[in-house]
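Just need the whole structure built from these sequences, with the hints factored in.
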Amino acid sequence: MQFTKKDILDMDSLTADEINLILDTAEHMKEVSQRPIKKVPTLRGKTVVLFFYEPSTRTRVSFDIAAKRLSADCHSISAGTSSIVKGETLVDTAKNLEAMNPDVIIIRHPSAGAPHMLAKKLKASVINAGDGMHAHPTQSLLDLMTVRERKGRIKGQRVAIIGDISHSRVARSNCIGFTKMGASVVLAGPPTMIPMAVETLGVSVTHNIDEAIYGADVIMVLRIQKERQKGFLFSTEREYSRVYGLTNERLKNAREDALIMHPGPINRGVEISSEVADGPYSIILEQVTNGVAVRMALLLLVAGGARNVDAD
Amino acid sequence: MLTLIRGGRVVDPGNLDGVRDILIEDDKIIKIIEIEEDEKSFASGRMGDPREARTEYRPDKIINAFGKIVTPGLIDMHVHLREPGFEYKETIETGCRAAVYGGFTTICCMPNTNPVNDDRQVANYIISQSLRAGMARVLPVGAISKGLRGESLCEYGELKDAGVVAVSEDGLPVMDSLLMRRALEYAKGFGLLVISHCEDLSLAANGVMNEGEVATRLGLAGIPGAVESIMVTRDIALCELTGVPVHIAHVSTIESVNAIRDAKQRGVPVTAETAPHYFSLTEEAVLEYDTHAKMNPPLRSEQDREAIQEGLADGTIDVIATDHAPHSDIEKEVEFDRAANGIIGLETSVSLGLKLVEHGILTLPDLVEKMSTNPSHILGIENGVLSGAQADITVIDLDRAYTVNADNFQSKGRNTPFNGWEMKGKAVLTMVGGKVVFEDM
Ligand SMILES: [Zn+2]
Numbered sequence: 006m007q008f009t010k011k012d013i014l015d016m017d018s019l020t021a022d023e024i025n026l027i028l029d030t031a032e033h034m035k036e037v038s039q040r041p042i043k044k045v046p047t048l049r050g051k052t053v054v055l056f057f058y059e060p061s062t063r064t065r066v067s068f069d070i071a072a073k074r075l076s077a078d079c080h081s082i083s084a085g086t087s088s089i090v091k092g093e094t095l096v097d098t099a100k101n102l103e104a105m106n107p108d109v110i111i112i113r114h115p116s117a118g119a120p121h122m123l124a125k126k127l128k129a130s131v132i133n134a135g136d137g138m139h140a141h142p143t144q145s146l147l148d149l150m151t152v153r154e155r156k157g158r159i160k161g162q163r164v165a166i167i168g169d170i171s172h173s174r175v176a177r178s179n180c181i182g183f184t185k186m187g188a189s190v191v192l193a194g195p196p197t198m199i200p201m202a203v204e205t206l207g208v209s210v211t212h213n214i215d216e217a218i219y220g221a222d223v224i225m226v227l228r229i230q231k232e233r234q235k236g237f238l239f240s241t242e243r244e245y246s247r248v249y250g251l252t253n254e255r256l257k258n259a260r261e262d263a264l265i266m267h268p269g270p271i272n273r274g275v276e277i278s279s280e281v282a283d284g285p286y287s288i289i290l291e292q293v294t295n296g297v298a299v300r301m302a303l304l305l306l307v308a309g310g311a312r313n314v315d316a317d
Numbered sequence: 026m027l028t029l030i031r032g033g034r035v036v037d038p039g040n041l042d043g044v045r046d047i048l049i050e051d052d053k054i055i056k057i058i059e060i061e062e063d064e065k066s067f068a069s070g071r072m073g074d075p076r077e078a079r080t081e082y083r084p085d086k087i088i089n090a091f092g093k094i095v096t097p098g099l100i101d102m103h104v105h106l107r108e109p110g111f112e113y114k115e116t117i118e119t120g121c122r123a124a125v126y127g128g129f130t131t132i133c134c135m136p137n138t139n140p141v142n143d144d145r146q147v148a149n150y151i152i153s154q155s156l157r158a159g160m161a162r163v164l165p166v167g168a169i170s171k172g173l174r175g176e177s178l179c180e181y182g183e184l185k186d187a188g189v190v191a192v193s194e195d196g197l198p199v200m201d202s203l204l205m206r207r208a209l210e211y212a213k214g215f216g217l218l219v220i221s222h223c224e225d226l227s228l229a230a231n232g233v234m235n236e237g238e239v240a241t242r243l244g245l246a247g248i249p250g251a252v253e254s255i256m257v258t259r260d261i262a263l264c265e266l267t268g269v270p271v272h273i274a275h276v277s278t279i280e281s282v283n284a285i286r287d288a289k290q291r292g293v294p295v296t297a298e299t300a301p302h303y304f305s306l307t308e309e310a311v312l313e314y315d316t317h318a319k320m321n322p323p324l325r326s327e328q329d330r331e332a333i334q335e336g337l338a339d340g341t342i343d344v345i346a347t348d349h350a351p352h353s354d355i356e357k358e359v360e361f362d363r364a365a366n367g368i369i370g371l372e373t374s375v376s377l378g379l380k381l382v383e384h385g386i387l388t389l390p391d392l393v394e395k396m397s398t399n400p401s402h403i404l405g406i407e408n409g410v411l412s413g414a415q416a417d418i419t420v421i422d423l424d425r426a427y428t429v430n431a432d433n434f435q436s437k438g439r440n441t442p443f444n445g446w447e448m449k450g451k452a453v454l455t456m457v458g459g460k461v462v463f464e465d466m
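If you read the protein sequences in the order shown, they are chains C and F. Just so we're aligned, residue 6 is where the first sequence starts under the numbering used here, counting upward by one. Just so we're aligned, residue 26 is where the second sequence starts under the numbering used here, counting upward by one.
Please note that the accuracy of each hint is not assured.
No farther apart than 30 Å at their CA atoms in a straight line, the calculated lysine-lysine pairs in the DSSO-like style are these [claimed, not checked]:
no., chain 1, residue 1, chain 2, residue 2
1, C, Lys10, F, Lys357
2, C, Lys128, F, Lys357
3, C, Lys100, F, Lys357
4, C, Lys11, C, Lys44
5, C, Lys125, F, Lys357
6, F, Lys357, C, Lys11
7, F, Lys357, C, Lys126
Everything labelled a hint here was simulated from the structure, so no lab data went into it. Because the structure is a prediction, the values reported are computed rather than measured.
Now the structure itself:
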């Protein structure tokens with residue numbers, strides 16, 4: 006199968022076949038990352054620009070490593086170092102970038118839809134590294150990869166996502182990604198953090214964390230941000246962790262082979278206890294490893310180097 | 026100067042509906058003339074040239090309106106003309122030209138300009154600029170509070186003397202219920218209408234589109250319908266408390282329609298308007314993050330859209346007004362959550378209204394009532410096809426089919442979600458004070 010998408014914008018716009026192709030390619034890339042010399046010349050001469058309007062260390066570094074392992078030239082621009090702060094519009098900034106002929110623009114932006122807007126205007130491929138509360142497709146793909154690797158398949162898995170669903174682009178992308186690949190998704194969290202009509206994404210909702218955990222193959226915990234107290238979304242971290250936090254005690258209801266995931270960075274003692282985060286079920290660090298592989302795969306597929314990968 | 030409008034079907038709800046000739050001398054209608062049975066067949070072209078008839082009046086100009094609809098001048102009681110202060114978006118001249126191209130003879134402009142229309146100088150300026158443009162009549166709406174700051178009342182007496190017909194904070198709600206109460210009472214003393222933009226700002230929080238399925242999918246912060254209906258309900262309560270009429274701007278939700286319907290049944294003197302986009306579009310238009318589908322209040326659900334249509338049909342909603350809100354690319358070619366609210370509407374309103382007629386939701390006289398008769402009654406201004414009245418007249422061709430092309434708009438704004446829409450029916454002639462200011466017969 007040939008990958009024909011110019012851009013990776015969200016999980017809605019990827020088909021199940023395309024997702025499988027990305028995951029297969031990512032497995033191959035993971036093997037590259039385990040070699041003593043972790044570099045292939047596949048994207049030599051290609052230019053990748055990392056365009057981060059929001060602070061992010063992990064995702065930016067993950068993309069940067071991915072691009073470099075493929076021998077692409079990678080440039081990073083973040084808010085504060087570019088003209089972002091000088092009041093230039095997103096479209097103008099992007100057009101200026103495009104005038105330098107990059108092959109791929111990777112964008113993280115606080116406004117939902119910003120990558121869509123760029124993709125419409127630019128000839129370069131656009132990869133969404135997180136836009137507002139909308140989508141984080143590379144995170145969803147690495148989560149899918151991690152589950153497939155551990156469980157053998159995604160279809161039929163029961164995935165519980167716990168936390169602030171409303172403000173989470175990871176949750177949105179995973180609702181769409183996991184259901185598209187045949188898993189069932191149950192969301193849990195305080196009613197203040199469950200968005201209106203979220204069932205239309207094909208998921209179910211409970212406000213009882215034990216109910217969500219019971220029988221789950223995968224338990225995904227989302228970061229709770231203290232500033233959400235201002236919007237009256239929860240009372241205190243203390244109460245949140247008591248009612249919704251994932252602890253060993255709660256995990257007694259879970260399946261023995263349940264996997265614990267977290268998109269990071271984690272708040273130890275709030276949404277997840279240290280003993281769970283560091284415990285035997287946790288595959289949080291594998292997610293990070295697979296993040297590099299998935300991002301290499303995406304760069305390869307959109308920058309058109311797919312045909313050469315097996316040559317070396 | 027004598028002008029004769031020949032053979033159109035005159036639709037002036039509450040006054041007449043029939044084929045008439047209208048004789049106009051200078052700026053006044055002087056005679057409404059019954060048309061002979063045999064002459065009506067001119068409409069089908071079976072008998073000679075209709076322009077040859079009525080020679081007994083020796084008109085200087087004859088407008089052939091056979092087969093067309095002739096209405097009292099259309100009134101848009103909710104537009105933003107942007108001048109003074111934001112002339113790059115629209116000027117009074119371009120806005121007035123857009124109005125007459127859309128069939129409007131009279132428009133009411135909201136006070137959120139810079140400076141705000143909260144004193145005589147600004148009101149005078151707006152009126153003098155509109156007279157200079159020489160197209161539509163412009164009736165300014167003054168601010169409720171000085172500088173739209175919600176702190177102190179404007180001098181309504183001075184505003185009234187300068188030609189202001191109503192007061193509103195439009196763009197912003199009056200969050201302070203005491204101020205709203207006093208504004209109603211104080212305005213009554215000057216015969217000024219109070220127009221309320223209903224929005225509970227604290228509940229709206231940082232929302233940018235209707236709360237619901239589409240917002241959830243797009244990851245955009247939602248604005249629930251209750252943001253509007255809470256304030257509609259409050260204003261109805263204040264209307265009952267004071268006995269002073271209140272006019273609710275741009276109704277968009279089912280809950281607001283229900284609240285207004287109930288209030289009217291109790292005899293509360295509340296009136297309401299909606300905009301064409303609320304009966305033509307839903308939140309689905311925002312998919313793809315189209316900033317031309319971003320306005321305040323936001324496009325709502327299909328259920329809301331149907332309720333708006335029902336409210337129009339049963340008389341709960343009295344008026345169709347466009348909330349014409351021109352913006353430039355600077356405000357619209359940006360990320361959705363940073364884009365300005367509002368779309369232009371003057372040049373598409375009649376055609377969108379006629380779709381309601383085509384779909385059997387309104388009759389043609391109903392539509393004229395919503396776009397002319399009712400606004401004139403609510404504003405307390407003269408309008409109508411009557412002998413002795415000022416000659417403000419719109420001629421509509423129900424059969425004219427065209428495709429909307431925003432590049433051809435007279436408005437400076439291009440921010441419309443209706444670009445490319447297929448329309449049937451439009452205004453083809455607009456006459457203000459006996460003068461033809463737009464003609465596309
Ligand atoms: Zn308004």
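Against the structure, the hints come out as follows:
1. Lys10(C) with Lys357(F): holds (27 Å)
2. Lys128(C) with Lys357(F): holds (22 Å)
3. Lys100(C) with Lys357(F): It holds: about 17 Å lies between the C-alpha atoms, which stays within 30 Å.
4. Lys11(C) with Lys44(C): holds (24 Å)
5. Lys125(C) with Lys357(F): holds (15 Å)
6. Lys357(F) with Lys11(C): Given pair Lys357(F), Lys11(C) holds - Cα atoms ~25 Å apart, limit 30 Å.
7. Lys357(F) with Lys126(C): Between Lys357(F) and Lys126(C) the Cα gap is close to 15 Å, so the pair holds against 30 Å.
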